[in-house]
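**Student:** Here is what each chain is made of, one letter per residue.
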Amino acid sequence: MRSAATSLVLLLASSHAIACEPPSLEPARRIDGAKHVVLFRSAPTPLPLNASFALDIAVCAKDGSAVATPKVDAWMPAHRHGMNYRPSLTETRKGLFRADGLLLHMPGRWEFVFEVAGERLTATHDID
Amino acid sequence: MRWLAALLVLLAAAAPRAELLDFSADEIARIVRHGPWPPTVAADPSNRVSGKQDAIGLGRALFFDARLSPDKAFACVSCHDPDKAWSDGRATSMGRTALPRNAPSLLDVRQRRWFGWDGGHDNLWSMSLRPILDAREIGGSTAGIADLVRTDRNLSACYARAFGREPGAVEAEALAIDAAKALAAFQETLTSPRTPFDDFRDALARGDKAEAAKLPVAAQRGVRLFVGRGNCAFCHLGPAFTNGEFHSIGIPFFVAGGADGGRHSGIRTLRESRLTLLGSWNDDPVRADGIATRHVDPQHRNFGEFRVPSLRMAARSAPYMHNGSLATLADVVRHYARFDPERLHGDGEAILKPLGLDDAEIDDLVAFLESLSAEPPPTDRRACG
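Keeping their order, the protein sequence lines are chains A and B.
Its first residue numbered 325, the first sequence is counted upward by one per residue in our numbering.
Its first residue numbered 12, the second sequence is counted upward by one per residue in our numbering.
Simulated from the structure, these hints should not be mistaken for laboratory data.
Heads up, the beta-carbon is just placed ideally off N, CA and C, and yes, glycines get one too.
Careful, some of the hints might be misleading.
[Unchecked claim] Estimated spans, in silico, between C-beta atoms of each pair:
no.: 1; chain 1: A; residue 1: 351; chain 2: B; residue 2: 39; range: 27 to 33 Å
no.: 2; chain 1: B; residue 1: 39; chain 2: A; residue 2: 367; range: 49 to 55 Å
no.: 3; chain 1: B; residue 1: 30; chain 2: A; residue 2: 356; range: 40 to 46 Å
no.: 4; chain 1: B; residue 1: 388; chain 2: A; residue 2: 452; range: 28 to 34 Å
no.: 5; chain 1: B; residue 1: 92; chain 2: A; residue 2: 412; range: 40 to 46 Å
no.: 6; chain 1: A; residue 1: 439; chain 2: B; residue 2: 225; range: 50 to 56 Å
no.: 7; chain 1: A; residue 1: 412; chain 2: B; residue 2: 52; range: 25 to 31 Å
no.: 8; chain 1: B; residue 1: 30; chain 2: A; residue 2: 367; range: 45 to 51 Å
no.: 9; chain 1: A; residue 1: 351; chain 2: B; residue 2: 338; range: 50 to 56 Å
no.: 10; chain 1: A; residue 1: 357; chain 2: B; residue 2: 225; range: 51 to 57 Å
Just chain B, same shape as in the assembly (with noise of 0.2 Å):
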């Protein structure tokens, strides 16, 4: 008994002593603020489809279903792994041909604004047509999409179910963009975990501190970092810890052959597209959602902004921006502690400066990312019906 009494002594002592940082109340507010997690969503008014059960089955199928490439050699899964927090892993992504950007984590998608790097798309169901069509990607096409809705027994039986009518009486292009809305309804469904970061938040806000203390002591350094002299928040905001606009960081953007004009030429793309929000396949007569598309207004900084990604599972989509340059999530953060101003296009911003960080500064953010992530919930792959 007595050299058990000894050993958890010996243990006691060595273990991590939980201790709470001394926040102040307006730290306290800011950290708050960054939560709760998950947040409520609402369906989609533009997508007719969203949040019903048979489309997110379909559109689940669809994902994992390379038949909508003529070859059958690509699928949405190709690029957005759902063991890579739905990403590919890879600095930029290969397609049918090396494409110039890093393919972007799809979680908490149905909480975004503008789709892709550049924003190009408004909607989701327009986003998720634009890789099938695309003779550089699964470069597929409505008339394939049609016949394999058409013409596998399952699927079609999925689509009836989801749509309410029979897909060999709908012509090509409405068939496949009601694919396209059902394969965002399945995407809407991947929705990061909570985390330890959100344990810590949550207990702040109740005013437990035993239970805040749980946070390892560098993560905390970091947030404090976070919310405080790093300014991160200035755009990572909110619980999803990102405005979700676009911004130059200073990371290049010339490519093989030019430059990627990001916003500049997103804004150019939304403008040239039938399938947004303004347009006659929004499912919602009203076009409430349509209010930023209208008023998107182009401007010459565009030039070189890129979206503002989420943080939350960040720790497991590396490598990281738009052009995947950097490889860890330590090179993003010594990026802002040590960026070279001369390399931003924000005519005349003044929102970034470096931050001078430290190494042990550099380490304490980077344990703060780290608690942004969790064991994501097993993958359902099944298929419709």
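Isolated chain A (complex conformation) (with noise of 0.2 Å):
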């Protein structure tokens, strides 16, 4: 959890002034793709097995370019199928964003998949 909020500090520290706002998100985790890093945690948490939740997102570009809304979703890899549902997203403030609607309706392995401007971040979370 600490690591994930030193991770942010060092994020922001690091990179252009427009490139990420302080989101306030923490705890978080954090996905470090080739051109953009993500950080998300769920509303609430721990993120409750077949009921809906959010995920508040931070996004930023490592070249510092603005950043377009990203896609979401969840899947599980090992059922080859998704969510029964469609998340919707708003930008909540610069480079953040919340994603509404999400329900996880198997226990198990699924992975959240993060589309930013054409780049693929996926991080997996197990839930019983």
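Take each chain as given, in its own frame, and dock them per the hints.
**Tutor:** In structure tokens:
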């Protein structure tokens, strides 16, 4: 948890000023892609099984360019199916987004998929 | 005295020995997730009379009242018989014509996210109104519902107490929807009883091995299969033994004259309805419970998917599946043991595989499923007021 916050501070310090507004995501999970960094956390935390939840997502581009609204999805690779719901995205602050309406309807290993300007960033999540 | 002692020894030898299988910590954790039962259930925010006794009484009276149908031939109870776990015991129901689907049990209906085999409704009050207005079923009308509530002295008084206004002052559609909300308030009280499985589960949770051992060993072997190799809890999860979502499990969906689109048509029904949680008839001004409706995502694989039913009281709600095509619990388990994967319509989903159970394992899973049923409490059929 603390490492995520530290990473976020380092990320903010090392990037251009416009790349990532301080998104107040703590705790957050971090995904480093080739072109982008995504931080995300669920609301509520821990995210519930078989109930709707949201994700707060902070995105920045490593080259400092402006960030488009990401696409967010989740699926179970072992089962080869996704969610039954399509989350809606709103930008709450510059570089900070909220995805509403996610629901993981089975226990097991899910994979969150964030698509930012054509780059696909993923993170697995196990839920019982 | 000596003969008595000898008799006791003989009886003790003949009695089945209480035995607890060597469940692992992981298995116990998986079993414990199916409780406790009954859960605490909040009032429905979309229904302003949810949980209110006067409304429950009005809903109970309407549920058993055949005057909702123009020829007094059908009532809600016609297809949801309390002596059959609030189902009707038929493969597919018979209304004014043969209907294509099995009547689902109403037990624990408050806990559902979607209603009907196809989830065409996102709340219990709109679901309650549908069969009353369906010409194939009760065949009533909003005017007929309103007229009944306005003119029957007892129902009229019950309505006034439940809703705080005289039915004569309410226009017909609003009165019919209020009646449906009273019906919903009544159905929310239909909770399945605690079962032998619940005693077993609670005993495991508190580490009481002697109490847990009271569940027959065959049922214990069945629950081990259920949470383990069977992977049944992927869909039949939690205390209610369902995720409330929709899956294709290889049951044919062809019906006379075409196909039953299942969830595919359910989402269409939902989107065409004015009576959803996103609409103005939702009594919750925040519409907080509408989030699933707002985000439900129609997909090609929905065709032929049907809602995952609860397994509680399953032993008393035969036959099974959306079309009632499986007569017994053994038939259901045999289906999962040996079904043809080519019949799945999941667009490449890889959840279901034939379990390949032998006959003894099938018997064990049936024993477990039977442990999820118990004698229900007597049905309250009092008139309101």
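**Student:** Evaluate each hint against the coordinates.
**Tutor:** Each hint tested on the structure:
| no. | hint | in the structure |
| --- | --- | --- |
| 1 | A/351 with B/39: 27 to 33 Å | holds, 30 Å |
| 2 | B/39 with A/367: 49 to 55 Å | violated, 31 Å |
| 3 | B/30 with A/356: 40 to 46 Å | violated, 53 Å |
| 4 | B/388 with A/452: 28 to 34 Å | holds, 33 Å |
| 5 | B/92 with A/412: 40 to 46 Å | holds, 42 Å |
| 6 | A/439 with B/225: 50 to 56 Å | holds, 53 Å |
| 7 | A/412 with B/52: 25 to 31 Å | holds, 28 Å |
| 8 | B/30 with A/367: 45 to 51 Å | holds, 46 Å |
| 9 | A/351 with B/338: 50 to 56 Å | holds, 52 Å |
| 10 | A/357 with B/225: 51 to 57 Å | holds, 55 Å |
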